Structures are given as C-alpha cells and as structure tokens.
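Undergrad: Protein sequences, first through last, are from chains R and B. Residue numbering for the first sequence follows the numbering used here, beginning at 1 and increasing consecutively. Residue numbering for the second sequence follows the numbering used here, beginning at 1001 and increasing consecutively.
Bear in mind the hints are in silico, worked out from the structure with no lab data behind them. A portion of the hints provided could be inaccurate.
[To be verified] Listed below are the simulated SDA-like cross-link pairs for lysine to any residue, each with C-alpha atoms no more than 20 Å apart in a straight line:
(1) R:Lys162 x B:Ala1312
(2) B:Lys1133 x B:Ala1312
(3) B:Lys1354 x B:Arg1262
(4) R:Lys162 x B:Lys1350
(5) B:Lys1233 x R:Asn253
(6) B:Lys1117 x B:Gly1285
(7) R:Lys162 x B:Glu1237
(8) B:Lys1103 x R:Gln274
(9) B:Lys1170 x B:Glu1072
(10) R:Lys162 x B:Arg1244
(11) B:Lys1420 x R:Asp66
(12) R:Lys162 x B:Lys1354
(13) B:Lys1420 x R:Thr68
(14) B:Lys1155 x B:Thr1129
(15) B:Lys1103 x R:Glu47
(16) B:Lys1233 x B:Thr1334
Note that this is a predicted model, so its numbers are computed, not measured.
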Amino acid sequence: MTSSNQHDEKKPFPWHLVFFLGPGLLIYVVFSVYPLLDTLVLSLYQEQDGHSSFVGLQNFITLITDDTWSHAFWNALANNFEFFAIHMLLQNPIGLILAVLLSSPKLRLSSTYRTLIFMPTMLSVVIIGFVWQLLLSPIWGIAENFLYDIGLGQYFDAWLGKESSALITLGFISVWQFVGIPMMLIYATLLNIPDDIIDASVVDGANSFQTFWHIKLPLILPTIAMVSILTFVANFNAFELIYAVKGALAGPNFSTDLMGTFFYRTFFGFQLQQGSASMGAAVATLMFLIILVGVMLFLFFIQRRIQRFQF
Amino acid sequence: MLNVRSVKLMSKFTCATALLLGSIGLAQADSTLSIESWRSDDANIWNDVIIPAFNKSHPDIKVTFAPTPPTEYNSALQAKLKAGSAGDLITCRPFDTSLELYKQGYLTNLDNLAGLKNFPEVAKSAWQTDDGKDQFCLPVASVIHGFIYNKEIFKQLHLTPPKTRAEFFKVLKTIKNKSRYIPMAMGTADQWEAATMGFQNIGPNYWKGEKGRKALLSGKEKLTDKPYVDTWKELAEWRPYLGRGFEAQKYSDSQNLFTLGRAAIYPAGSWDIQTFNNQADFKFGAFPPPVAKAGDTCYISDHTDMGIGINAHSKNQAAAKVFLNWMSSKEFATLYANAVPGFFPLSKFKVDIKDPVAQEFMSWRNKCKSTIRNSYQILSRGTPNLENQLWNVSAQVINGTMTPEQAAKETQDGLEQWYKPQQK
C-alpha cells in the first residue's frame, strides 16, 4: 500500500489526460451542454415587447393546458408515438431478418446486398423525400403503374396527401431509408458469435431455427436493445423528412406533425406567425424530457436485466 | 476641402492621406445611398436599368444595391440595424415585420414625403401604423391573383374566358367532359395554394374587397358570415375539377401540369407569369376571379408585397428622400413593371407593360376594386395564427375532410381567442 502511495506521489500530474480529453470535453460543453442548459433556462422566461421576464413554469402550463397550444402539442406527441411504433414494428424486425440472411454463409453476393441496403441511409433526407414524392405522385409517379401491373391498381391512392395515410407513408419511407442501421449493427454482432458455439448447437441436433432462437437471438439481444433506444431517440428528434415532404405546417390537417416540426413552427415562426424563442425552448425542453424519461426507463428496466456474454 | 489647400508643403505621405480625406469629403457632398433588399434575383435589373435611369436625372447621388438572400434578409437586417451598419434605404416586408422595425425606431417617418400622394390608400396600408397615422415605407410592388388559362385548349374546345361563376363552372364542366385535359391545376399538398390562390383569390368578390376586410378588422363581420362560408363553398365545388390525386399534388406539380399543356386553367399569382413565359410553349391568357352576376363590381386581390423606407440613422436623409420621390414617379413604375413582369407598381400612374399577360392582370385594376389578403394586417398577430389556420382549413375544405361551415367556425373561434374586436 505505502509503496504504491509513494509511487502515486511521485507521479507527475497526468497532463496527457487533459491534453487528450480537453478538446473533446470543451467542444461538448460549449456546443452541447451549454446550449441545453440555456434552453432549459430560456423556457422559464417570457418575451413581451422586447423585454423578457421570468415566468416560472407558465410556458409549460400553457403548452399542456391551454387549448390553442395543447391541441397541437398532444397531436404532435401522439403522431410521434405512432411514428416510433412504425419503426419498432417494421424497421428493427426487418433489420434483424436482413442481418440474419446476410450472415448466412450460403448467401452469395452478400456484400453487394449489404451495400445496396445501406445505401439509402447515406443519402440526404431531402433527396429521399424528393424521390419518394415523385415515385408516389399520382401525376408522374411509377407506383400506380407498378400496382396495376401486379393487379393491385385499385388500391392506389394519393397516400401522401390523405390525412389517414400520410404519416404511415412517411413512416414507411423513413423505415426504408434507415433499415440499414439496425441491419449493420446486428450483422456485426452476429459475425462476432464464435463458430464453435453454433457448431456445438448443430452437434446437439438443433435445426437452423432453433439455433437462431436459442443461441443467436440471446446473444444479439443487447444489440437489439441498443438499436431500440437509438430508434427512440432518433424518432423523437425526427424533423427533416416531414419538413422536406410536407413543409413545416405538416399537413394535411397536422396529421404528420411531429415534435420536431411543432418545435420548428413555435421557435422560428412560420409565414405570418412570429416565432417565440421562449415558447420554442419550452417545447424543446419537453422533447428533451420525453427522451430522457424514455432512456431512463430503458436503462432501469431493460438494460440492467440484459445478460452480456464475453467470448 | 481645407485639408487639400493646407497640405501643399507637407510630406508626400500626409499629402496622400489628405487627398483621400478630401475625396471622401467630395463623395459625401455627392452622397451615396445603399439599398438593403431581399431581391437578390433583381440585382442586375437594379444595377443595369433602374440606377442608371435614376442617375440620368440625379447625377449627384450615387446608389448601390446591396441585396441579402430572401431567407436571411429579416434577421440580417435586424442585426445590421442594431449594429448601425445597415444601408440608407431599407426594402420593407409588408405589415408586422416592418411595423416592428418602425416601432423600434429604425425607420424614418415618411408622412411629409411628397411622392406618397401618388399611391392609393390600399397600397399604403401595408406600411402604416395600425391607426393609419404614420407612414414608414413607400409602396413599391404588388402581386395580383387571378386565373391563367391555356389559350390553345380554350380554342380547341370553343371556350371563352368566363365572366360569371355560372360560366366558370360551365367551362370547367366542358373541359372535364369533352376532353382529356385536367380542368384546373391546383393541389392541396402544400396547403398555401388552397388559401392564397383559392380563398384569397376568389374571396374578395364575396366579401366585397376592402369593405369586408375592414369589417373583419373592426369586428363588424365574422368569418362565420355568409361571404366567407360561400367562398369556402365555392372552393369545395372545385374538387371534382382538380387532377386525380390532387391531395398529394405540390405547387411545382401544378406549375408543370400547366406548362406541359395537360391542364387548362391555373389559379395563379401574377409572379407565375415569369415561370410560364420561360416554360410554356403555348399561348396563355388570364381572367379575373368570376363574379356572381354579369355586371357586378369585381374585386381583385392586389396584394402589397414590397415597400421601401429610410433607415432612421442614415446620414443621407435628404438624398434618400429624393430617391424615394423618384421611386414614386411614373418613370420608375414603368421601368420596374417591365423589368420584373408579374410584380406591379403600386402608384396611380397608367403604366405601359409590354408583357401581354402582365398587361391583362394590370388592366383589372381599372375595372375592378383592389384589396389585399384579409389575414395579413393585424389578424395574424395572435395565437392561433389566422394565416396558418386559413391554409389548413382551406386545404381541408377542398380535400372534403371539412365542411365550409366547420372551416368558418374553426377560424372564427381562433380569432375570438385573442382578437378583442371579434370578441364582442
């Protein structure tokens, strides 16, 4: 003990730690922590005629109880949960299936598929929005002819323009774009599973489905959990696709309004609507809290129960 | 100038400095004006046409045009004004944005400007205080709404531009039944066309232009009154004549449908003229929003879009006023109208426009009464925002997901939540 203490005293101050951590920490504090705290503070103020005054939680109370605000807020929140549900039900299972198929040693050209499926993720959301609008356009789009060719023509509709289908359609587009991310993460984990475990299961007489269910799935569960939480955070921050396709008014009748577009309209204003920095900060704070609560629930109830395996 | 005289014996270096100072002094005597604007597209027109024309009659005033991109203009201008580095002349957005600047003391009061008498009241209203007492910008240009039609399709189907609503719907019906053309090119995906090219386009004929707009402001009329509900009712009747899947049709889709010759009628803003001139290879004409009965007074939306004011902290107030007075002249009006077809001068002079369609739009001012979009002055100041609501409900009425009565009720409820005169 004493010898190690003496050893510590002799050690010079670890300047290299400061050197290596400092720049990153500084950037993180200046561009992430400080703006976040400033937003929290700003949401407690109200601006009137150029003077801002402290109003406590008034902005939040207005946002949640006053009809003119609360209606839009709850609508955006509900839409956001729907958007999230679409991703959880489609994007992650499809990503999982694709990853399993890709990792199958019998599949040829697997790296080609991998690249192709991952491609949309790398494209700009604006391009994705533009391309899909053209594909689905009732005027120029090829979606209609395609549906006629496979005998489903009568089901074609102006999906992006209907209140009932616009959000779901946008959800599908987003799933199509981002399915590559869960696929890649799960694929990487699958490749890490040592062959001898799988060989052992085959020797024990498991068929390929049993191998997947009893061996592979438990081993990739931590990754699936991480993918879920990433999806949650990304979906509750989603904004670009809606803005690119439907504009900040998120029509028809706000059926595609998410927290992100709602925040944008509140903070920056829209057309003749003047923006309100303090009200916008309140919306941003609520978005932050929703994500925070979601992540904490995940940490307490799921993350701690997941078993990790070291190979 | 004293400097220049007293430097004769000084060293070369000071001499040069003094010369420099002297030249600045000279320039100040001549005075230089710089214009803040968001019309970066028009920079060539200003530099090659408008400013040289001004210098012909006023060689002593130098003018530079210094535009900022439209999306950055408002915030950039605000920052420059605060820092005291903004130009002498400020291009004004209509209504609240500029009113705010005036209230903060950044714009000079123009009440004594002689040129103002060349403008009608409606044109001036966009840059006045709410009580109409203080004028802070000079009107420059407006955009007019109406319908643009494909002359070749009309000829082919033996149609003439409709004057009354009954004729209008007859024309639409004929196009729909007798040809494969889309009767009307408009979509609701972007929502604003439904409000701007729909509601604000045909509405003035229902609410009698300025009379209805003022009545709405004073609280005498409500959005649930007949004229407004009837406007939405007509919009609802447009639905069968729009293209298939119009719910997902965007503004650019509508423009393309028309310029490709696939649609016969296009509810337009006059700014579309330039696009169509470039893209359409057929002849097109325009007609104003049809009236109820032949012989009725017609009303058009002649919306004030751009004004110009003087930076209150500018050192060249006198020169700036000279320039503004020149901008209120017939000479400027003619130059501007022809350089940018679709943006119309707001002064009272009769101006010759060479573009035939722009000319047609302009001619309506003589036979119809002008008004501006009713949601722009004061009424979009509160929450919920009336303009946003109009976009939403007008699109929904056309989509058929809301009745005209519901649209009226929703917007009126919204207005009553914050606008005192409507709460009575």
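Undergrad: Against each hint, give a clear statement of whether it holds in the structure.
TA: Here is what the structure says about each hint:
1. R:Lys162 x B:Ala1312: At roughly 50 Å apart (the allowed maximum being 20 Å), B:Ala1312 and R:Lys162 break the hint.
2. B:Lys1133 x B:Ala1312: Given pair B:Lys1133, B:Ala1312 holds - Cα atoms ~18 Å apart, limit 20 Å.
3. B:Lys1354 x B:Arg1262: 27 Å, violated
4. R:Lys162 x B:Lys1350: Given that 20 Å is the threshold and the Cα spacing comes to 47 Å, the pair is violated.
5. B:Lys1233 x R:Asn253: 18 Å, holds
6. B:Lys1117 x B:Gly1285: 33 Å, violated
7. R:Lys162 x B:Glu1237: Since the Cα atoms of R:Lys162 and B:Glu1237 sit roughly 19 Å apart, the hinted pair holds (cutoff 20 Å).
8. B:Lys1103 x R:Gln274: Roughly 16 Å separates the two Cα atoms, so the pair holds.
9. B:Lys1170 x B:Glu1072: 45 Å, violated
10. R:Lys162 x B:Arg1244: 13 Å, holds
11. B:Lys1420 x R:Asp66: 18 Å, holds
12. R:Lys162 x B:Lys1354: 43 Å, violated
13. B:Lys1420 x R:Thr68: Holds, because 16 Å separates the two Cα atoms, which is no more than 20 Å.
14. B:Lys1155 x B:Thr1129: Violated: B:Lys1155 and B:Thr1129 sit about 49 Å apart, past 20 Å.
15. B:Lys1103 x R:Glu47: OK: B:Lys1103 and R:Glu47 at ~16 Å, within 20 Å.
16. B:Lys1233 x B:Thr1334: 39 Å, violated
In the structure shown, a violation is registered for the earlier hints numbered 1, 3, 4, 6, 9, 12, 14, 16, in ascending order.
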